[in-house]
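Novice: One-letter residues, chain by chain:
Protein chains: 2
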Amino acid sequence: MDFSIHAEDGRARTGKMSLLNGTVTTPVFMPVGTLGSVKSLTPHDLEALDAEIILGNTYHLFLRPGMEVIDLAGGLHKFISWKKPILTDSGGFQVFSLAKLVKLTDAGVIFQSHIDGKKFQLTPELAVDIQERFGSDIHMVLDECTGYPVTHAVAAKSMRLSMTWAARCRRAKKNPSLQQFGIVQGGMFEDLRRESIGALTDIGFDGYAIGGLSVGEPKEDMLAMIDVCTEKLPAKKPRYLMGVGTPLDIIEGVNLGLDMFDCVMPTRNARNGALFTSTGKINIKNALHQRDFTPLDASCLCYTCQNYSKAYLRHLYIAKELTYYRLLTIHNLAFYLNFMREIRAAISEKTFGSLLMKSRELWG
Amino acid sequence: MDFSIHAEDGRARTGKMSLLNGTVTTPVFMPVGTLGSVKSLTPHDLEALDAEIILGNTYHLFLRPGMEVIDLAGGLHKFISWKKPILTDSGGFQVFSLAKLVKLTDAGVIFQSHIDGKKFQLTPELAVDIQERFGSDIHMVLDECTGYPVTHAVAAKSMRLSMTWAARCRRAKKNPSLQQFGIVQGGMFEDLRRESIGALTDIGFDGYAIGGLSVGEPKEDMLAMIDVCTEKLPAKKPRYLMGVGTPLDIIEGVNLGLDMFDCVMPTRNARNGALFTSTGKINIKNALHQRDFTPLDASCLCYTCQNYSKAYLRHLYIAKELTYYRLLTIHNLAFYLNFMREIRAAISEKTFGSLLMKSRELWG
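Chains as they are written, first to last, in the numbering used here: chain X, 1 to 364; chain Z, 1 to 364.
Hints are computed from structural coordinates only; laboratory data are not their basis.
Careful, some of the hints might be misleading.
When chains are identical, the list treats them as one kind, so a pair holds in a single copy or across two.
[Stated by the list, open to error] Dumping the calculated EDC-like pairs for lysine to aspartate or glutamate here, alpha-carbon to alpha-carbon at most 20 Å:
1) Lys78 - Asp292
2) Lys320 - Asp116
3) Lys285 - Glu68
4) Lys358 - Glu217
5) Lys157 - Asp191
6) Lys174 - Glu132
The following block holds chain X by itself, in its conformation from the complex (with noise of 0.2 Å):
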């Protein structure tokens, strides 16, 4: 994987990925289109907002529309209609959280889906498989996902089945032109993360997540742990952490090292109304915005701040107008871009620290 670091600033760095599918300038931050869509957006729409790689879920697009007919499509690429980089997850999160897990051995997994009740059998052979014929740019590793808090019995016992599943998802993996991520397991325990880390080395990948953080412990074991593992990592691999976070977490995580990460929060929150500015969080539900006829935040250049007032978004809000999802979609979406974009210049010009005290600041 070609993968190359352009500037540094203390442990945090920012580079290019060349992918199958385009190019990727990191730390980025990766959209979460879970179903082959970013809800309410179309690709011309994450194309508009400049995004690189969008992020899907193998789990819910293995249920629907299911394998058969992305298959057909000539992979999920197509079938979407998004010619950039995407990056998919196993399916395993999803198995362990959202469907009915009903038996888990060493060769995997056989689930329920939260859908119909029908029963699944994933494995690690097939989340590579599943995710190889979907065309995705990055795949990840099929692994076990343990919940917080866990013991260091447990913990040790789930994170070595992580690497034997990582050990069969790198046998299985066939396609050279796309990449394959392992995963890093071992709950809140430092010697488990070094442990897994270094089980996946030995293995080797293209890349490297960070799995089972921002699952309910403190934000202050969060950060230990990253630092364990970004200290550990291969300094020359991208560094991902799945699932978080706020933009305090992803400046947080890239202080540290970090170059990925994705969240449901920014495209989430704006469907509840909470929105993200270069000035904190408003919630447009709030009255105070009712006859506020200025954008929601006034530096944002997205298409929704350049044309529709604080009173008008809060006015569709209120109303239930569909409308609504998209123009705020695309507004924190633009946010979390271009916090991304201001890291990026950050670290070229050696100005990261002031940025990081600055989020500190305004998100602590």
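Take the given structure of chain X and dock chain Z to it, following the hints.
Specialist: Relative to the frame of chain X, chain Z by itself:
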């Protein structure tokens, strides 16, 4: 009002209306933007569809966001960021259908909001005042809307009340830049329709609408009433059939000399998965579309047909993904607006008769 007819073919005619915020080519279909948005779309989507005028609902906008917000915004155009013409109804139709009617007198009508039960009075004068404050390029007089069927006596009494209200609306009109349309009533009774037209033309309006149709009557009664009305309405003023209808209703109306139409059908049907195409109706839910990677309509130039397959749109619909609403609404409105372009071209080229025959075959 500047309304010029450029070509006629039988009783069908095509022309232009010059309004305060732009020119509208007729026959025209007006997308419905009930609450200040055409559901799921933005003004830019409507511009991309080449919509020249949209409709807003006074009843809905009066309740939410309310007049104070729209006044402070500087009118409806500024509030919703739409620069082209707007036509608004008077609120009467919703008062008699959606709200709880409290009291109807010669003076006006007292109703309870369908949202919170709050009581309001609507008079002819207030209906004009509200719509002038909106800055509606065309506004409608307040009328009583009767059901179907009603006796001659009930229809006569109701129509005569509406005619006194029409006269009061004309007297209440203040802004000479905005156009005001009268509304023909009289149920399914030819004599009452003629009497109503006599009363309205004695007052003198900038255009004339036909109300009280498509309320449950047989299609032949609707067409017979349109026929009676367009025979007698002034030839040089625009004629508007309110709340109608299917593509066939529209072309039959044009055939009888009508110029303007509005209906929730293309937008509402889209949200329910029912789509218009050049070869007939389709329902996206249908399983036969599951593996169909062709566009909804191979001859359609809309954004949706140029970029997405039936299989993908069906997937979004089945999975209840929000992106669905906008993509299908765009298509159905593109179909309607393109159909109006075909109608206008056929009138100019004196081939309207054959387009009418073709439409009867396809939609009849």
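Novice: What label fits lysine 78 with aspartate 292 when the C-alpha limit is 20 Å: within, between, both, or neither?
Specialist: between (42 Å within a copy, 13 Å between copies)
Novice: When no copy is specified for lysine 358 and glutamate 217, does a C-alpha distance of 20 Å or less occur within a copy, between copies, both, or neither?
Specialist: neither (25 Å within a copy, 67 Å between copies)
Novice: Treating 20 Å as the Cα threshold, decide for lysine 174 and glutamate 132: within, between, both or neither.
Specialist: Within one copy only: 8 Å inside a chain, 68 Å across chains, cut-off 20 Å.
Novice: At 20 Å max between alpha carbons, let me know whether lysine 320 reaches aspartate 116 within a copy, between copies, both or neither.
Specialist: between (29 Å within a copy, 15 Å between copies)
Novice: Check lysine 157 against aspartate 191 for me: Cα-Cα at most 20 Å, and say if that holds within a copy, between copies, both or neither.
Specialist: Within. Shortest intra-copy distance 13 Å satisfies the 20 Å Cα cut-off; inter-copy 88 Å does not.
Novice: Using 20 Å as the alpha carbon limit, work out where lysine 285 and glutamate 68 are close: within a copy, between copies, both or neither.
Specialist: between (43 Å within a copy, 18 Å between copies)
When the structure is compared with the earlier hints, a violation turns up for hint 4 alone.
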